[in-house]
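Undergrad: Taken in sequence, the protein lines are chains W and R.
This note's numbering puts the last residue of the first sequence at 79; the count rises by one with no breaks.
This note's numbering puts the last residue of the second sequence at 543; the count rises by one with no breaks.
The hints are simulated quantities; they were obtained by calculation from the structure and are not laboratory data.
Take the hints with a grain of salt, since some may be wrong.
[Unchecked claim] The following label-pair restraints were derived from C-beta to C-beta distances:
id : chain 1 : residue 1 : chain 2 : residue 2 : range
1  : W       : R66       : R       : S486      : 54 to 60 Å
2  : W       : V7        : R       : K269      : 19 to 25 Å
3  : R       : I399      : W       : H63       : 37 to 43 Å
4  : W       : K3        : R       : Y484      : 41 to 47 Å
5  : W       : Y14       : R       : Q314      : 20 to 26 Å
6  : R       : S486      : W       : H63       : 33 to 39 Å
[What the hints assert, rightly or not] Just a sample of chain W residues kept apart from chain R, beta carbon distances all over 10 Å, derived:
id : residue
7  : T2
8  : K4
9  : V46
10 : M52
[Unchecked claim] PhoX-like mimics (lysine-lysine), calculated; alpha carbons at most 20 Å apart, straight line:
id : chain 1 : residue 1 : chain 2 : residue 2
11 : W       : K57       : R       : K329
12 : R       : K268      : W       : K3
13 : R       : K268      : W       : K57
14 : R       : K316      : R       : K329
As the structure is a prediction and not an experimental result, all values here were calculated from the model.
Think of the CB as a built atom: it goes at the ideal place given N, C-alpha and C, for glycine as much as any other residue.
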Amino acid sequence: MTKKLLVVVVAILYILHQDIWFWRTAHPLVFGFVPIGLFYQACFSVAAAFVMWLLVKYAWPSHLEREVEQGPAKEDRTT
Amino acid sequence: MIPAIVVFIYLGVVLYIGIFAFRKAKSKREAEDYFLASRSLGPFVFLFSLFGTNMTAFAILGSSGHAFSNGIVTFGLMASSSGLVIPLTIFLVGTRVWALGKKYGFMTPVQMFRDRWECNHIGTVIFVVQAVLLVPYVIIGIMGGGTTLNAISGGWVPYWFGGAIVALVVMGYVFFGGMRGTAWVNTFQTILFLLFGTIAIVVIGVGMGGFGNAAEAMLNSPALAPLLTRERISPYYFFSYTFIPLSAIAFPHILIFCLTAEKMAHFKKTVIFYPLCILAIWLPCVFLGVMANRVGDVPEIRAKQEARRVLATQGKTMAPEQRDDLRDKAAGDDVILHLLKRYAPFWLAGLLGAGIMAAVMASDSQILALSTMFTEDVFAHYGGKARFGESVQVQTGRIFVVILTLFAYGVALRAPETIFELAIQYAFSGFAALSPLLIAALFWKGSTKWGALASTLWVAAAVVAVAVFQQVVPAPAPGPPVAYWSLGGTEIISRTPGGTAVFQFMPVVPMVIISALLMIVVSKLTNKPSARTVSKYFDFLRA
Numbered sequence: 001m002t003k004k005l006l007v008v009v010v011a012i013l014y015i016l017h018q019d020i021w022f023w024r025t026a027h028p029l030v031f032g033f034v035p036i037g038l039f040y041q042a043c044f045s046v047a048a049a050f051v052m053w054l055l056v057k058y059a060w061p062s063h064l065e066r067e068v069e070q071g072p073a074k075e076d077r078t079t
Numbered sequence: 001m002i003p004a005i006v007v008f009i010y011l012g013v014v015l016y017i018g019i020f021a022f023r024k025a026k027s028k029r030e031a032e033d034y035f036l037a038s039r040s041l042g043p044f045v046f047l048f049s050l051f052g053t054n055m056t057a058f059a060i061l062g063s064s065g066h067a068f069s070n071g072i073v074t075f076g077l078m079a080s081s082s083g084l085v086i087p088l089t090i091f092l093v094g095t096r097v098w099a100l101g102k103k104y105g106f107m108t109p110v111q112m113f114r115d116r117w118e119c120n121h122i123g124t125v126i127f128v129v130q131a132v133l134l135v136p137y138v139i140i141g142i143m144g145g146g147t148t149l150n151a152i153s154g155g156w157v158p159y160w161f162g163g164a165i166v167a168l169v170v171m172g173y174v175f176f177g178g179m180r181g182t183a184w185v186n187t188f189q190t191i192l193f194l195l196f197g198t199i200a201i202v203v204i205g206v207g208m209g210g211f212g213n214a215a216e217a218m219l220n221s222p223a224l225a226p227l228l229t230r231e232r233i234s235p236y237y238f239f240s241y242t243f244i245p246l247s248a249i250a251f252p253h254i255l256i257f258c259l260t261a262e263k264m265a266h267f268k269k270t271v272i273f274y275p276l277c278i279l280a281i282w283l284p285c286v287f288l289g290v291m292a293n294r295v296g297d298v299p300e301i302r303a304k305q306e307a308r309r310v311l312a313t314q315g316k317t318m319a320p321e322q323r324d325d326l327r328d329k330a331a332g333d334d335v336i337l338h339l340l341k342r343y344a345p346f347w348l349a350g351l352l353g354a355g356i357m358a359a360v361m362a363s364d365s366q367i368l369a370l371s372t373m374f375t376e377d378v379f380a381h382y383g384g385k386a387r388f389g390e391s392v393q394v395q396t397g398r399i400f401v402v403i404l405t406l407f408a409y410g411v412a413l414r415a416p417e418t419i420f421e422l423a424i425q426y427a428f429s430g431f432a433a434l435s436p437l438l439i440a441a442l443f444w445k446g447s448t449k450w451g452a453l454a455s456t457l458w459v460a461a462a463v464v465a466v467a468v469f470q471q472v473v474p475a476p477a478p479g480p481p482v483a484y485w486s487l488g489g490t491e492i493i494s495r496t497p498g499g500t501a502v503f504q505f506m507p508v509v510p511m512v513i514i515s516a517l518l519m520i521v522v523s524k525l526t527n528k529p530s531a532r533t534v535s536k537y538f539d540f541l542r543a
């Protein structure tokens, strides 16, 4: 359930990247000099970091680390 | 002169870090130590060096240049989309490749593909396509070094000498330090660039009399106001660009780097902080690139704006060669260097120049990756390691580093830079279209070697086709795309001022989709690897 929710969150974030709503305007200038379109995309980067934190917290493939810790099997390669 | 001396001192420090500071006693597995730093990098070095590896001259100088010509759209196109897609692919693919590498001893992507799909020569085909797409990066890195040293020194250091110095420094620490030296140099360079990037934006902002005035003045200028919006870029193009960051995880140097982490937990910080690192580096570069349009007292920048104006007003009546010439003159790849020369004091310009050199010199990882791929996928795979031993394999890797660097330097002296800039554009699309191979290998039991071969051959053919198309059909003047092939009123293939459009999308979109479809369809029609191999991977990955 949590993983499905995270897939939806990532999909929403991807859609939010296509911010057609700020396409043709520079106003308002945030802090007096940053066009709103650029400010939005900078905020998007922060949101991406937050979603990555959610992924790491709730969907981390820790079973792989446990498997590796059980010991290497390097001789098992076929080529 | 003073900035050039500061940069030379910086290069000396980099060489010291790479060669001497992090040498390790000989381990039993000599090749794994040289090529992968014994899979022992800690979380801090792993984050900064992986990020530094991905931060090329094209990313830094190219981003400000793109922003100078196209405006704020550059950040959304190239940076924020990467801030979502790259850490996501590191999370999904990088961690799994790390675990498989640790478990089965893989050192290159092709080794994993050969084992996963039980193939031999098909792996060699994938190696060749990866290598051909990667070599232009090494060449452009050396070109960037020559250009930057020449610009920082005010012409005192000639291009050939600057390129030679950069080539020698990079070759030196890759030759002696291998992956460990490269990782520590990249870490040092990334921190340097983060630090000096921040200083640069403050110094230039103060010099320009504050960004608020500059932004207001741009909004009041009909010619410059569109640079503060995205109205000149099509939403289709903007959407297409989100496919480009898929290339990052398919780049061999990035995937090989994923194998160097000591623990999988080290990926956590990288995945979380990657978008913030991109924000910290790209936002100043893009913003400065845009604001450079308000600098009226730098003759070089005025010349670029004049070339852009002539191209926009008279481009349609010009010959294609004249348009190309004006495009070169209007290109803004060196605007940051001009801003530094204009607004930063000499000593600071030198330090900031060193920060830019840090980005320019990211070709070290590509050189090492090509050396790893050659010695593992060709030399060792075809019996060289079994016959001559691991020490000879490592020496072969070192000789390969020297030969490749000399070759790249020789080409950099003779060929025009624009050719390789174009090659890199094709390479991004090519590697993005190779990403379905990784997804299929790791997440789909039904994938086969024939599906992988079909995807790889498609990618090679598509990259060549786009390159030939853009050579044969000249770029039109700034404005709407020119339809080359239409059907029933629908534009299928168009030539745009900056490249090619397929159904109004960038070529990377159909390249990735068709690559994935070929992987699916051809795999469905062909025999799967043995149940033992499939179970070896998927019992492990889904345990």
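Undergrad: Against this structure, judge whether each hint is valid.
TA: Each hint tested on the structure:
1. One distance hint, 54 to 60 Å for the beta-carbon pair R66(W) and S486(R), holds here, with the actual separation near 57 Å.
2. At roughly 23 Å, the beta-carbon separation of V7(W) and K269(R) lies within the given 19 to 25 Å, and the hint holds.
3. Between I399(R) and H63(W) the beta carbons are some 41 Å apart, a value that agrees with the proposed interval 37 to 43 Å.
4. Look at K3(W) against Y484(R): about 44 Å separates their beta carbons, and that is inside 41 to 47 Å.
5. Between Y14(W) and Q314(R) the C-beta distance comes to about 41 Å, which lies outside the given range of 20 to 26 Å.
6. Separated by about 52 Å at the C-beta atoms, S486(R) and H63(W) break the suggested range of 33 to 39 Å.
7. The Cβ of T2(W) lies farther than 10 Å from every Cβ of chain R, with a closest approach of about 15 Å, so its non-interface assignment holds.
8. For K4(W), the requirement that its beta carbon stay farther than 10 Å from each beta carbon of chain R is met, with the minimum near 15 Å.
9. Residue placement check: V46(W) does not keep its beta carbon more than 10 Å from all beta carbons of chain R (closest about 7 Å).
10. Not every Cβ of chain R is farther than 10 Å from the Cβ of M52(W); the closest lies at roughly 5 Å, contradicting the non-interface assignment.
11. Only pairs whose Cα atoms come within 20 Å are accepted, and K57(W) paired with K329(R) is rejected, the gap being roughly 49 Å.
12. Using a Cα cut-off of 20 Å, the hinted pair K268(R) and K3(W) holds, with the two alpha carbons roughly 17 Å apart.
13. A C-alpha spacing of about 9 Å is found between K268(R) and K57(W), which places the hinted pair at or below 20 Å, so the restraint holds.
14. Taking the CA atoms of K316(R) and K329(R), the gap is about 17 Å. The hint holds against a cut of 20 Å.
Checked against the numbered hints above, the structure breaks hints 5, 6, 9, 10 and 11 and satisfies the rest.
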